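Single-letter residue listing:
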Amino acid sequence: MTTTLTTVPHRRPGLRRLRLLGQGPLFAASVAVLVLLVPAALLAPLLAPYDPEALDLGASLVGTSGDHLLGTDQSGRDILSRLLHGARTGLLGPLLVVGVSTLLGTLVGVVAAWRGGWADTLLSRAMDLVFSVPGLMLAILLVAVTGPGMTAPVVAMSVAYTPYVGRLVRGIARQEKARSYIEAYVVQGWSGWTVCVRHLLPNIAPTVLAQSAMNFGYALMDLAALSYLGFGVQPPTADWGAMINEGQGAVLQGAMLPALAPSACIVLAVVAFGIVGEGIADRIARREK
Amino acid sequence: MTTAPDTPVLEIDGLGLRLPDDRAARPILDGVSLTVRAGETVGLVGESGSGKSVACRSVLGLLPRGARTTGRVLVGGEDVLTMGRARLAALRAREVAMVFQDPRASVNPLRRVGDFLTEGLRASGTPAAEATARAEELLDAVGIRDPRGALRRHPHQFSGGMLQRVVIAAALAAEPALLVADEPTTALDVTTQAEVVSILARLRAERGTGMLFVTHDLELASAVCDRVYVMYAGRIVEARSTGDLFDRPRHPYTAGLLACTPRIEAGAPAPRPVPGRPVSLAEAPPGCSFAARCAHAVARCTEEKPEPARHGDGFAACHRADEGIAL
Amino acid sequence: MTRFLLGRLLGLAAVLFVTSVVVFGTIHLAPGDPVTFLLHGRPATPETVAALRAEHHLDDPLVTQYGKWLGGVLTGDLGRSAQYHQDVTALLGSRLPGTALLVGYAALLVAVLGVGAGLLAALRPGLLDRTVLIGTGIATATPSFVLAIALVSLFSVRLGWFPGPGGGVAEGIGARLHQLTLPALALALTFAGLLARVTRSAVLDELGRDHVEVARARGVPGRTVVRRHVLRNALGPVVTVGGTMLAGLLISTSIVETAFDVPGLGSLLVQSVTAQDFAVVQAVTLLSVAAFVLVNLAVDLLVPLIDPRLSPGEGSS
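Chains as they are written, first to last, in the UniProt record's numbering: chain U, 1 to 289; chain R, 1 to 327; chain F, 1 to 317.
Keep in mind that the hints were calculated from the coordinates and are not lab data. Be aware that one or more of the hints could be misleading.
Partial list, computed: chain F residues near chain R (C-beta under 7 angstroms) [as the list claims (entries may be wrong)]:
1) Ala217
2) His229
3) Asp307
Which stretches of chain F does chain U cover? Using the computed rule of at least three CB atoms under 8 angstroms from a CB of chain U, they are [stated by the list, open to error]:
4) 143 to 153
5) 251 to 265
Quick caveat, the model's predicted, so the values are computed rather than measured. Where a beta carbon is used, it is the ideal one built from N, C-alpha and C, also for glycine.
From just these sequences and the hints, can you work out the full model?
Structure representation (structure tokens):
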């Protein structure tokens with residue numbers, strides 16, 4: 001077996017060759033933003049100068065100062081501390097959504113592509129169906145039933161994002177399956193499961209990763225929108241979307257920071273995920289050429 | 001046109017074309033000269049990358065982005081390279097027409113065939129009804145049945161060969177003095193190829209149009225053309241009348257091209273490929289660019305660029321052209 | 001053609017059927033007894049419980065319940081709103097025009113800004129192209145509620161050009177449009193950025209095609225080439241993506257209408273979720289999905305008109 005293996009056309013780029021840096025300053029900056037966000041979220045309790053939920057009605061809407069680097073909100077809570085803590089829910093939600101939808105989508109996509117026939121028809125139709133209902137709608141419906149909190153939006157978004165991954169995986173898995181190296185393994189008597197896990201998946205992983213990075217940004221936006229509407233994490237827990245909602249009143253009074261600071265965080269994170277995702281996708285496209 | 005009757009319809013005179021240095025180390029075209037007289041069919045033959053397509057596109061003033069040119073491209077005595085935008089549009093609409101390689105890609109798939117045929121005429125000011133009538137006539141001339149119905153159909157409803165007939169009809173719409181055909185049969189089946197070539201030959205003969213026929217196929221060129229120019233790495237290496245070129249090629253590259261064409265006659269030698277590969281844009285050999293692949297190369301060939309010189313009824317650019325080459 | 005249309009209509013019916021089952025079923029998915037859910041905290045007197053059980057046919061088997069509910073939906077009986085004490089149909093009717101106006105306004109902005117910016121970027125490479133790329137990159141990454149805050153703080157708090165959130169419904173169509181400009185912009189910009197990108201790449205694709213060079217080689221003037229060949233051919237992907245955006249616009253109204261306090265279906269949905277006014281949630285969900293599916297059908301029917309190669313039942317002869 002080992003002797004025949006070497007004659008099989010071997011094409012397994014994997015993830016190692018995707019150098020994350022060296023793709024231009026914008027890409028590097030985006031990676032830096034993402035790399036900084038994670039420890040900020042993880043170490044929020046240590047980094048935050050104040051308790052994010054401590055009210056100080058005497059210090060309502062204080063501007064930037066030595067005490068409060070980004071000022072305070074209407075209830076006198078330190079905005080920087082709330083931002084740092086908000087990064088936790090802000091990143092955890094999309095992480096769950098992207099994790100679940102990537103796993104589920106890859107599974108559905110690979111099974112549909114590998115099996116073909118009625119399994120493909122059934123799974124593809126199911127994905128079309130989910131695709132035809134907007135994720136936000138699904139989430140709102142679910143919240144209406146189960147009440148607000150992180151769970152309903154995350155579950156709904158995971159379902160809604162699955163077809164995006166599933167359709168992509170099905171497409172590229174069908175292409176890969178048609179290539180001769182996969183056929184060579186099948187002819188040699190390897191089981192479909194082994195070939196999928198050991199050869200097909202590593203080959204489609206970079207493309208899926210690119211899609212997931214972009215989905216992360218969109219999921220972050222959608223979940224922030226839901227918590228802005230009051231359907232996500234409940235007050236007084238710090239969350240970017242909810243902070244923008246609470247900061248709206250302050251905007252009308254001329255205080256921009258309470259709403260602007262979390263807004264900037266969201267836009268920055270989404271832009272960074274978008275650039276990283278597109279950068280990886282570009283790189284794959286160039287390599288395919 | 002108001003030029004004297006003996007003015008060639010096309011005269012390319014010492015045409016050189018360079019791209020910015022980061023895109024090509026050597027000139028794309030270097031001292032290309034060729035002539036097409038009225039009613040004459042002239043072949044331009046070379047491998048892909050030899051610059052034949054760039055040369056024939058320059059006749060219409062279609063140059064690659066950022067290209068710098070030297071020399072002249074005279075159509076009816078006027079230099080295309082110095083023409084203004086409006087004059088160039090008029091030239092393209094009236095005097096020179098081009099047939100491209102792939103008919104499927106040449107025609108906008110979303111528009112009706114009639115639109116494609118009349119577009120050039122309408123652009124040069126022909127009224128709609130007249131243009132339609134002319135389009136029907138042309139389709140009939142290239143052998144498409146039910147021309148009126150064909151005008152209303154879309155390109156995807158035609159086969160490749162039929163579509164190339166449409167493209168030829170469109171090229172002839174304005175009665176151009178010169179037709180440039182850039183590999184017009186390469187994308188077609190062998191049987192359709194023969195039909196398209198015969199249509200081109202017939203129309204050219206009927207209308208007295210001059211034709212520049214670009215191809216990589218020397219055999220095909222010999223069947224269609226009165227004279228043939230052979231191009232290699234941006235230079236014309238040999239030019240002569242078709243019969244003479246076949247009987248007695250003077251340039252080793254021409255000889256090589258002839259030797260690698262498979263033949264079906266009994267007792268013919270097996271095809272021999274030209275060894276090596278064409279010169280890429282990144283290399284700029286100091287001497288003859290064919291020297292590296294040439295069986296007859298001597299030391300002088302790699303040092304000194306051979307200038308075209310008269311040999312027989314044409315010319316060749318080879319230091320050893322006099323000595324005679326055994327095929 | 002008829003077969004194609006029939007197939008599409010069947011697919012549409014399937015989506016609507018599944019949606020209706022899901023929407024109907026959610027009430028039974030809720031933890032605990034549906035009655036407790038429907039009461040949501042109101043005192044459970046035997047009378048109210050009996051009324052609710054009768055209204056929702058809770059004593060019938062599930063299939064009969066669904067049948068009766070669906071029969072009601074199809075005849076325009078969408079139940080009663082608990083928070084407004086009003087028929088849901090009438091409530092939706094009063095909120096629909098506001099949302100329709102907002103979505104229409106935003107769709108117009110998306111089309112004009114998106115296609116305009118995309119064309120500009122594709123046809124004028126260089127600085128303009130790069131500016132558009134950066135602008136659309138930021139626009140697509142900015143959620144509508146963030147845009148809402150930014151627009152309000154700039155145009156109504158600082159400059160005072162447009163009214164801020166609230167303030168009721170203005171009289172007269174001119175004043176109404178003026179009032180809806182900021183909400184429409186907040187709704188439109190994200191989608192416009194996306195459409196600009198799609199337009200740009202579609203136009204660039206077409207500009208690189210052989211037939212465009214052929215048209216130039218035939219002496220067709222540059223403007224005519226762009227209009228007849230490039231723009232016409234780029235229309236397909238733009239219409240397809242634009243169509244799917246209409247659904248996105250519709251659902252995003254729930255965010256923008258909440259941010260700007262616009263009385264419409266979107267803000268109604270959000271209020272009803274918060275107030276657990278379930279009949280309204282069901283109705284708005286059904287209506288949105290129906291609108292979404294119909295828009296997709298319209299796009300499917302429109303695309304063959306743009307690209308004859310995609311005509312159903314079209315074979316080469």
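What are the numbers of the hints the structure violates, in ascending order? The structure conflicts with no hint, since it agrees with every one listed earlier.
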